[in-house]
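Engineer: These are the residues of each chain, in order.
2 protein chains.
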Amino acid sequence: MSSDLAQLVTGLAQRARAASLALATASTEAKNAALRRLADLIDRSHPALLAANAQDLASPEAAALTAAARDRLTLNAARLLHLAESVREVAALPDPVGDVLEETTRPNGLHIRKLRVPIGVIGIIYEARPNVTIDCAVLCLKSGNACILRGGKECFQTNAALVQLIQQALTGGLPADAVQLVPTTDRAALLTLLKLDTLIHCVIPRGGESLIRFVAENSTIPVIKHYKGVCFVYVDAAADLAMAERLAVNAKASRPSACNAAEQLLVHRAVAAQFLPAVGRALVAQKVQLRCDAASAALLASAQVPHTAATPADYTTEFLDYVLAVRVVDSLDAAIATINRDSSNHSDAIVTADAVAARRFLAEVDSATVYWNASTRFTDGFEFGYGAEIGISTDRLHARGPMGLRELCTHKFVIEGTGQVRG
Amino acid sequence: MSSDLAQLVTGLAQRARAASLALATASTEAKNAALRRLADLIDRSHPALLAANAQDLASPEAAALTAAARDRLTLNAARLLHLAESVREVAALPDPVGDVLEETTRPNGLHIRKLRVPIGVIGIIYEARPNVTIDCAVLCLKSGNACILRGGKECFQTNAALVQLIQQALTGGLPADAVQLVPTTDRAALLTLLKLDTLIHCVIPRGGESLIRFVAENSTIPVIKHYKGVCFVYVDAAADLAMAERLAVNAKASRPSACNAAEQLLVHRAVAAQFLPAVGRALVAQKVQLRCDAASAALLASAQVPHTAATPADYTTEFLDYVLAVRVVDSLDAAIATINRDSSNHSDAIVTADAVAARRFLAEVDSATVYWNASTRFTDGFEFGYGAEIGISTDRLHARGPMGLRELCTHKFVIEGTGQVRG
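Protein chains in written order, with the numbering used here: chain A, 388 to 810; chain B, 388 to 810.
Just so you know, these hints were derived from the structure itself, not from any lab.
Only a predicted model underlies this, so the values are computations on that prediction, with no experimental measurement involved.
Hints may contain errors.
Copies of the same chain look alike in the list, so a pair counts if it works inside one copy or between any two.
[To be verified] Here are the computed lysine to aspartate or glutamate pairs in the DMTMM-like style, where the Cα-Cα straight-line distance is at most 25 Å:
id, residue 1, residue 2
1, Lys615, Glu770
2, Lys615, Glu776
3, Lys501, Glu751
4, Lys582, Asp729
5, Lys501, Asp720
6, Lys501, Asp482
7, Lys674, Asp627
8, Lys501, Glu770
9, Lys612, Asp584
10, Lys501, Asp729
11, Lys582, Glu596
12, Lys615, Glu803
13, Lys612, Glu489
14, Lys582, Glu705
15, Lys501, Asp767
16, Lys540, Glu604
17, Lys501, Asp741
Excised from the complex, chain A in its bound form (with noise of 0.2 Å):
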């Protein structure tokens, strides 16, 4: 790459990370004041913002997108109303920076606070839709983090036009530099992003498996990944067989795209004739399809519930779609053992009436989150009741599961003494 290029990315870095120090130590009403300006922005620009977005989705790089794809980088007036409400709410919140987390006096009369403060400089990597550009920085502001945002190239003049409302929000002794965007989509930009590792301090990248690989692959900062979910509903032998059914209906087919949507049933050998016919046609209801191993593929077909025969590759997959891989177990263990061997370690519900094999169930699945007798389809910040999400940590380190703006903070040790030194 030319080294000019490398020059501007160094010193968009070194600007967020200024840019940064002083964030840390901004007031939650300084924080909140901008953010509420930046709502009324929104609300005000709809012009602007359409038109640059209506250039975006003229572009020959928007002509190559799906369908869906191009939906999701299309604004609108109800959306730009909605993207400013989502701004509101997350000025609502409570802020994470300087909450005490632990505090604690050492007998030689030490006073050790454990503080939540913000991580510093957070990259933001990810695909054209100009909602993740609003969401990230918002809750990147709020939580005291610099950040720097570079989106998908079909994206790019809408979200040079958000990032102007932003930083004409960040008044008030907010330094405009703590939300920049990389101002070029050239990939080599991006590989110098990704290792600037002693100005940004994590790196998140939103967007499917491969851009996520590309990033952990490429980057030497520390990257928090929310890879897919291989979410199971293991229905066991004890198990209420009418909840079954919802459960796994709505686990399915509520939201077949989302990373919580369940791809994998599992039933115990003993409720199976019975259970399987009855999920399976309301599941073929929903338009699910069913692709079944030998033992579930003989009780629909004995049953006339249509469905295929699975691959091996369907037992890992995750479809996002209205698609649901199908298998007989014969017994919990065997379960437990299947969902640690197959499942992505996101969400793993068992339903069953047996206080023992839930107990077994929640302690061994090795996953993020794990559920009785509940839809998979929980796992979700909001439904957590942290009121805002940045996405779903696949990792186990720093955040594992929904990650909401106190999993965008780190903390500091503040000690004060009164003169004390190590013997």
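Given the coordinates of chain A, work out where chain B should sit on it, guided by the hints.
Structural biologist: Only chain B this time, still in chain A's reference frame:
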């Protein structure tokens, strides 16, 4: 590398992963009993351990070590007694696994608990230090994690003997594969290991900066880094100068090889003429070399305190030795800006009687641990009351500052419902 070697390392990681699932739900009593057995086995195995260590010490690899590194590799009866005692101390610590971190019941009746659980499989990459083998294995075991140890080649026989004892101690239902040693010191095996991100969940390198950088740059597994400490002591205009002298001498000279030792002294211009000659004499009496900017050099020269001129590199160097860089600053603002630019964000202290200045310093210095009127040397898991320490993280994600048993854990969300589905 040969595919045999790749298979060997992958097989080891697969066994570690299987062991981690069993270990995650092991009882506290089973883990503690294994640790106590290990301590007894160490006590009973001095001849075998010392023989293995003698073999390492006689190797050509060990002949190339510095005297200090050779000393760290060397075992003797006193060190083995101490090692066994440290294992018993970890057995006596509270088990971090299962702690309820948050608990809430949502309006829809879902009961959500955030529980502390082991991370899973942890890779430890370290130098030729047999005590690290025991320390890390024991802390991983206590926190329910399987671990894969890859120590320095100069220590291979000693490590093999120690890991054999650990595996002997892992009875009572605990999986022997919970602690494994990479059975080769081939660097290609390490490179393979660092890419096994579906089997290994976290890598902790322990050693010098080049080792840590090598691991961070070659790992696709999240790494928790323990980089250098370029720690500052800032003596404010309002400092109690007798206290400041005690703190500066302790921070620098009580153990210069520690990462929490001070490397940098900043003195406010208002007190420099009075303070520098006194602290200079005290430091020189402790054999500390002073590397000075022009202002501090002039003051020390007129007081006839030996010193040299600092180079720019000295202001960001971790000396780990009886060397201190000294500068005069014009203000609190200048001190904060200097520290935020030149320190490694590890541990930095202000000495002052001015509470307003202190609060600004504690808030605005962006370091993992900040001190008011205390020595930087207290940044340590034991001093913080953690009872154990696997290192001092210089990262911001997951762990920052001293890492104890709790920092070797992640969490899971355990959700209990009564058939809730998402609307």
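Engineer: Look at each hint and say if it fits the structure.
Structural biologist: Hint check results:
no., hint, verdict
1, Lys615 <-> Glu770, "within (19 Å within a copy, 41 Å between copies)"
2, Lys615 <-> Glu776, "within (16 Å within a copy, 34 Å between copies)"
3, Lys501 <-> Glu751, "between (32 Å within a copy, 15 Å between copies)"
4, Lys582 <-> Asp729, "between (33 Å within a copy, 20 Å between copies)"
5, Lys501 <-> Asp720, "between (41 Å within a copy, 24 Å between copies)"
6, Lys501 <-> Asp482, "both (16 Å within a copy, 21 Å between copies)"
7, Lys674 <-> Asp627, "within (24 Å within a copy, 77 Å between copies)"
8, Lys501 <-> Glu770, "between (28 Å within a copy, 14 Å between copies)"
9, Lys612 <-> Asp584, "both (17 Å within a copy, 12 Å between copies)"
10, Lys501 <-> Asp729, "between (38 Å within a copy, 23 Å between copies)"
11, Lys582 <-> Glu596, "both (20 Å within a copy, 17 Å between copies)"
12, Lys615 <-> Glu803, "between (44 Å within a copy, 23 Å between copies)"
13, Lys612 <-> Glu489, "between (27 Å within a copy, 23 Å between copies)"
14, Lys582 <-> Glu705, "between (31 Å within a copy, 23 Å between copies)"
15, Lys501 <-> Asp767, "between (27 Å within a copy, 14 Å between copies)"
16, Lys540 <-> Glu604, "within (21 Å within a copy, 28 Å between copies)"
17, Lys501 <-> Asp741, "between (41 Å within a copy, 22 Å between copies)"
In terms of the numbered hints stated before, the structure departs from none.
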